[in-house]
Each structure stands twice: as structure tokens, then as C-alpha cells.
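Visitor: Residues per chain, in single letters:
2 protein chains.
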Amino acid sequence: MQDQIKLFSPATVANLACGFDVLGMALDSVGDEMIIKKSKNKGISISKIVGQDLPIEATKNVAGVAALELYKELEVDYGFEIQIFKNIKPGSGIGSSAASAAGAVWGMNELLGKPFSPNELVAFAMEGERLASGNAHADNVAPALFGGFTLVRSYKPLEVIKLACPEELYAVVIHPQIELKTADSRKILKPTISLRDGVTHWGNVGGLVAGLYTNNYKLIGDCLKDVIAEPQRADLIPHYYELKHQVIKSGALGVGISGSGPSIFALTKGKKIAKGVAKTMQTVYQNIGVDFDIHISKVNQKGIYKID
Amino acid sequence: MQDQIKLFSPATVANLACGFDVLGMALDSVGDEMIIKKSKNKGISISKIVGQDLPIEATKNVAGVAALELYKELEVDYGFEIQIFKNIKPGSGIGSSAASAAGAVWGMNELLGKPFSPNELVAFAMEGERLASGNAHADNVAPALFGGFTLVRSYKPLEVIKLACPEELYAVVIHPQIELKTADSRKILKPTISLRDGVTHWGNVGGLVAGLYTNNYKLIGDCLKDVIAEPQRADLIPHYYELKHQVIKSGALGVGISGSGPSIFALTKGKKIAKGVAKTMQTVYQNIGVDFDIHISKVNQKGIYKID
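Here the protein sequences line up with chains P and L, keeping their order. Going by UniProt numbering, the first sequence opens with residue 1, and the numbers climb by one from there. Going by UniProt numbering, the second sequence opens with residue 1, and the numbers climb by one from there.
Incorrect hints may have been included.
One copy or two, either will do: identical chains are not told apart, so a pair holds if it fits within one copy or between any two.
Below 27 Å or equal to it, Euclidean Cα-Cα: the simulated DSSO-like pairs (lysine-lysine) are [claimed, not checked]: (1) LYS156 / LYS249; (2) LYS302 / LYS271; (3) LYS225 / LYS190; (4) LYS218 / LYS156; (5) LYS190 / LYS37; (6) LYS225 / LYS162; (7) LYS269 / LYS156; (8) LYS218 / LYS114; (9) LYS269 / LYS162; (10) LYS279 / LYS218; (11) LYS72 / LYS218; (12) LYS60 / LYS279.
Don't read these hints as lab results, they were simulated from the structure.
Isolated chain P (complex conformation):
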């Protein structure tokens, strides 16, 4: 059995406008890299973090906490060492904590000979999310682990469904360089919604899933509607509605807040339109003088994978 593995763990877009807390999608052009090694020392240690200033103590690091959650299930006389090469900025809203947490447990599972199911890995990785945001949600760790589009159908019991994904679907994500913590962004959400808004959301989730299975790009875009979180969170993101308006004019299928923000995502049919959308986003934020990163990515179909 191999003793170490190097892996790529993708950034992810959660919620996808209509599917608050249940839908997510994996990106391909941005993600963390990690090395997971078996170690003579029992327990979990983090030996290296490159690219970001994050806690190296396992119990205070999202990857460490997820790894410890899996490790609790084992009876072994060895441990695991984790190295993290962060390419996803924490607080960006594209699943930075999820990528590291999911990568840690995926890598350990590979080294152990895959004793755990993908659903079990999601449950371990969710503990990393609990550390990051106070809420053990699965809408980023699920697409990181499964790839493509995922639906967290149920938490009790935990059940993740990997949905279909049309070939030509591209995502463009812009990350304005402002700080916005998931925990704070969740706090502003009212705990109740109108039944009418609920109906709008489950109508759109149903339509989005139908669109994914039938390669209906227009339908997918039409369903990217958020009448619950977007009106409450848009003010936290610079010029959100202006950007959205311009991006739709540039041919995007739909636009929404990525996870709890501040990143904004758009879906497009094909790479050419994706490039145009990225240019539009860039122009809007350059004009208002906000720093940003932009990612153009095909949807990642396979989730976390081994690299050399």
C-alpha cells in the first residue's frame, strides 16, 4: 500500500442561487494541493502550510479537524501528516475550508485502501466546516468530493446525490478582495421565509435539476434565482446588482452569490462566452476600484484527484 499521496482538491460554488444549503458545484481551474503521508507518530499532524497564514495545530485547522474525525474511526498504530498548499483564499466564498477538509479525508481514505464511502467522507469533512463557520454544512465538501453538481438531499441521515452535468457548462467566478466571514454572512439571514418564496425556490431547484439532466442550458440559467439569501446579502458585496446586470447582458446563463459570498459566480454555455463574462466582471470592478481575482473554469466532473 502506498505511504503518501499528492492530490488536487477543487474550489466549489455552493447554493447555486436557488439551492441554499443543498446544491453545489466543483471548479477545475482553482483548488488546493495537498500531500498526505502515513507517519510513525500516532494522530494527525500538519507539517506545512504554504500560501496562507493558517493555524498549524491540527485541532485548530479545518483539514486537521476533518482528519481527526476520520482518524477516530481507525484502530491503527500509525498516524498521518498533512501538507497544504493553499491556492484558495480563505473567506472567498468558493469553499476554501471545504477543499482542505475534504482533501485531507479523501487522501487518508486512499492511503487506507478506501474503507469509507463518499457519504462517510462528506460527514468527516463537515466537521472541518463546523470549525470554519460554526455550521457543519455539506454544500461545499460534497461537490469537492463527488465532483460535478451535487445535491445534499438530507442531513439526517446524510445523503448526497451526484447530479448530471452538461458538457459545455463553464463557470466564471469573481472574488472581490473584501473580507466576509461565512459565520457573519449566515447570521444576517432571517430564520423564517414566506411560503411563497419557498415555493419559488423549490420550483427553481426542480427546474435546475431537470435542466442538468436534459442539457437544457436556458432552463439551467432561468432557475438561477435567489429570492431568499441574495436580497439579504447583496449589500455586503460591492456593486453586486450592477455586476449581475452587466454579466447577464454579456450572455451568461445566470448569476448568483457563491456560497455566502463575497465571490459571485456566473454559468455560461461554452468557454468563449465565459471569457466575455470574465472581461465584463473585470471592467465593472476596475471602474469602481475594487481589487479582485477571476477564475474561468469548466465544471470539475471528478472531484478530488491524485496528482504527481
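Fit chain L to the supplied structure of chain P, relying on the hints for placement.
Guide: What follows is chain L alone, placed relative to chain P:
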């Protein structure tokens, strides 16, 4: 062009547990029959209603109101005469008003050479629903017109999506002979829900749609969950939870209230289990002394159709 048409318009199950106001399904073994004729007299007249005591005046009859809505769009020097052979009991919760309203406009559209799209027919038929329940909902008229499973993704603009439907899916519907008006059953619903319950519903709607496209019968059943309307409406239906419990034990994939009740529906994989479920329903209601009708039906794939 033909001058008259005889048609079958199916009973329908709306909501399907998780999809309040958006999902619906058509039955095959029960429905109204109607004859629609061109008439020298302008306007809409109802010349015959067999099987139920319902208003014959067009403006007071759901079929008449729907027909008038379509007729308003025409510039013709003739009218239409409608005959209705009611097999669906009003107030049963399986789309009695929807079948008549949808049948009327579908038949007229056929006689006119199909100038209107299915979505336009849904909009006309919804006016019949407004008369019946005070609310122009589409979750019964849509499956009556399209057949199979339908999703009313949006009302403004109106957009109905016909979903996939696995071949072996059967429905069993029991109608306890108690009166329950849609308007009353809607009135008891609270106008707000918790965000948490909303998430549960859109997770299940997404899962149900995925199950329909992937022939995943277990998933379809698991998604038939209602944490919003069922807890508020179950008390209106005799021994609802007991019946549900027994029906699940008999092998049904899932159970829910049909529309706003009082009918209860179950889905099964295959006819054999459907028959067993029907027997279980029968036993429960015989034991408590409630009169009932039971329908066992394959899902109707084609919606309203011409008969001889």
C-alpha cells in the same frame, strides 16, 4: 376541420409531498370524459353534466370559465358547447375541477387546429381553478394537460416543465368520503415557514426530479416528504398517519396527501405492490368505518387524449 371531439381528461395528484404548488402527476384509470362541439351560437354553453350536481351556467362552472378565458382570445362567429361526464368527485383532492377546466380548453384547441401552446392552455385552465378554490394554481391543470410528472417552475411568466417518468411507477389513491374544500384546506396553512423546512423541501424536490430522470425508485420514495403542509393538514384526514404507516409497511415507495386532501396517494414500483397497498388502505378504512374510493393507476404519460 372536425366539429366535435370526445376526450378523456385525467385525475391528477398535486404537490407530491415535497413539491407544494409546483409538482403534479397524472393518473390513467380515473378521469372525466367530455364532448366539445362547435356551435352556431356564439359564446360558451354547457349542455349536459352527468354524474355530479354542478352549475350548468358557464360563468359558474370551472370548465365554462376556462373555456370563456380561451374564447376571449378568439375572433370567430361561432361558439362552443360542452358536455361533461364527471367521473372525478369534486372535493376529492385529485384535480376534479382541473380535469374539467383543462379538458374544455384542450378540446377547443383541437377543434381550432391547435393555435395555443400547452403553456397557454394551462393559463386558461387556471382560471377554472380560480373559480374552484379562489387561487389560480397550475399544479393540477399542468399534469392533466402534459401528462406524466410536471413542474410549474414559475408563474410569472408561467412555465411548465414535463419531467421524466419511470415506466414501472404506479399510484394508489384512496379518497375518504369526507368533504374538504381546497379553499379551506389552504386557509389553515401558515404564510411563513422556517428556512430549515424550506431547505428540506427544496432538497427533496431536487432529489425527486433526479430520481425521475435516473429511474431511481428508492430515491423517488425517499423524497416524498412533507414537513410543511402535512403536519397542518393531517388532522383533517381520518387516521392519516396510521394509514401512512401501514402503507409504507406494505412496500409503497412513499405516501402523501394528494393536493390539499382528503385523498391520500402512494407511489409503488409495479402493479403487484400497488395492489397490496390498495388492500392495506382498504383494510385500514374498513376497520374505522370510513367510506372510500380507491384507484390503482399507472402514471398517465400523455395527458388528455381523444376517445371514440
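Visitor: Pop the pair LYS279 and LYS218 into one bin, within, between, both or neither, using alpha-carbon distances up to 27 Å.
Guide: within (22 Å within a copy, 45 Å between copies)
Visitor: With identical chains, the pair LYS156 and LYS249 could be close in the same copy or across copies; at 27 Å between alpha carbons, which is it: within, between, both, or neither?
Guide: between (41 Å within a copy, 21 Å between copies)
Visitor: My question is about LYS302 and LYS271: at a cut-off of 27 Å on alpha-carbon distance, are they close within one copy, between copies, both, or neither?
Guide: Cα proximity of LYS302 and LYS271: one copy only (19 Å, versus 38 Å across).
Visitor: Is the C-alpha distance from LYS190 to LYS37 at most 27 Å within one copy, between copies, in both cases, or in neither?
Guide: neither (43 Å within a copy, 54 Å between copies)
Visitor: Checking LYS72 and LYS218: alpha-carbon separation at most 27 Å within a copy, between copies, both or neither?
Guide: neither (46 Å within a copy, 32 Å between copies)
Visitor: Please sort LYS269 with LYS156 into within, between, both or neither, judging by C-alpha distance up to 27 Å.
Guide: Between copies only: 25 Å across, 35 Å inside.
Visitor: Classify it for me, LYS60 with LYS279: is the Cα-Cα distance of at most 27 Å met within a copy, between copies, both or neither?
Guide: neither (38 Å within a copy, 58 Å between copies)
Visitor: Should LYS225 paired with LYS162 be assigned to within, between, both, or neither, using CA atoms and 27 Å as the limit?
Guide: both (21 Å within a copy, 20 Å between copies)
Visitor: Reference check for the pair LYS225 and LYS190, CA-CA at most 27 Å: within, between, both, or neither?
Guide: Both, since 18 Å and 24 Å are each at most 27 Å.
Visitor: If the cut is 27 Å between Cα atoms, do LYS269 and LYS162 qualify within a copy, between copies, both or neither?
Guide: Answer is both: 20 Å inside a copy and 23 Å across each meet the 27 Å cutoff.
Visitor: Within a copy, between copies, both or neither: where do LYS218 and LYS114 come within 27 Å Cα-Cα?
Guide: Cα proximity of LYS218 and LYS114: across copies only (26 Å, versus 39 Å in one copy).
Visitor: Which holds for LYS218 with LYS156 at a C-alpha limit of 27 Å: within a copy, between copies, both or neither?
Guide: between (33 Å within a copy, 16 Å between copies)
Checked against the numbered hints above, the structure violates hints 5, 11 and 12; every other hint is satisfied.
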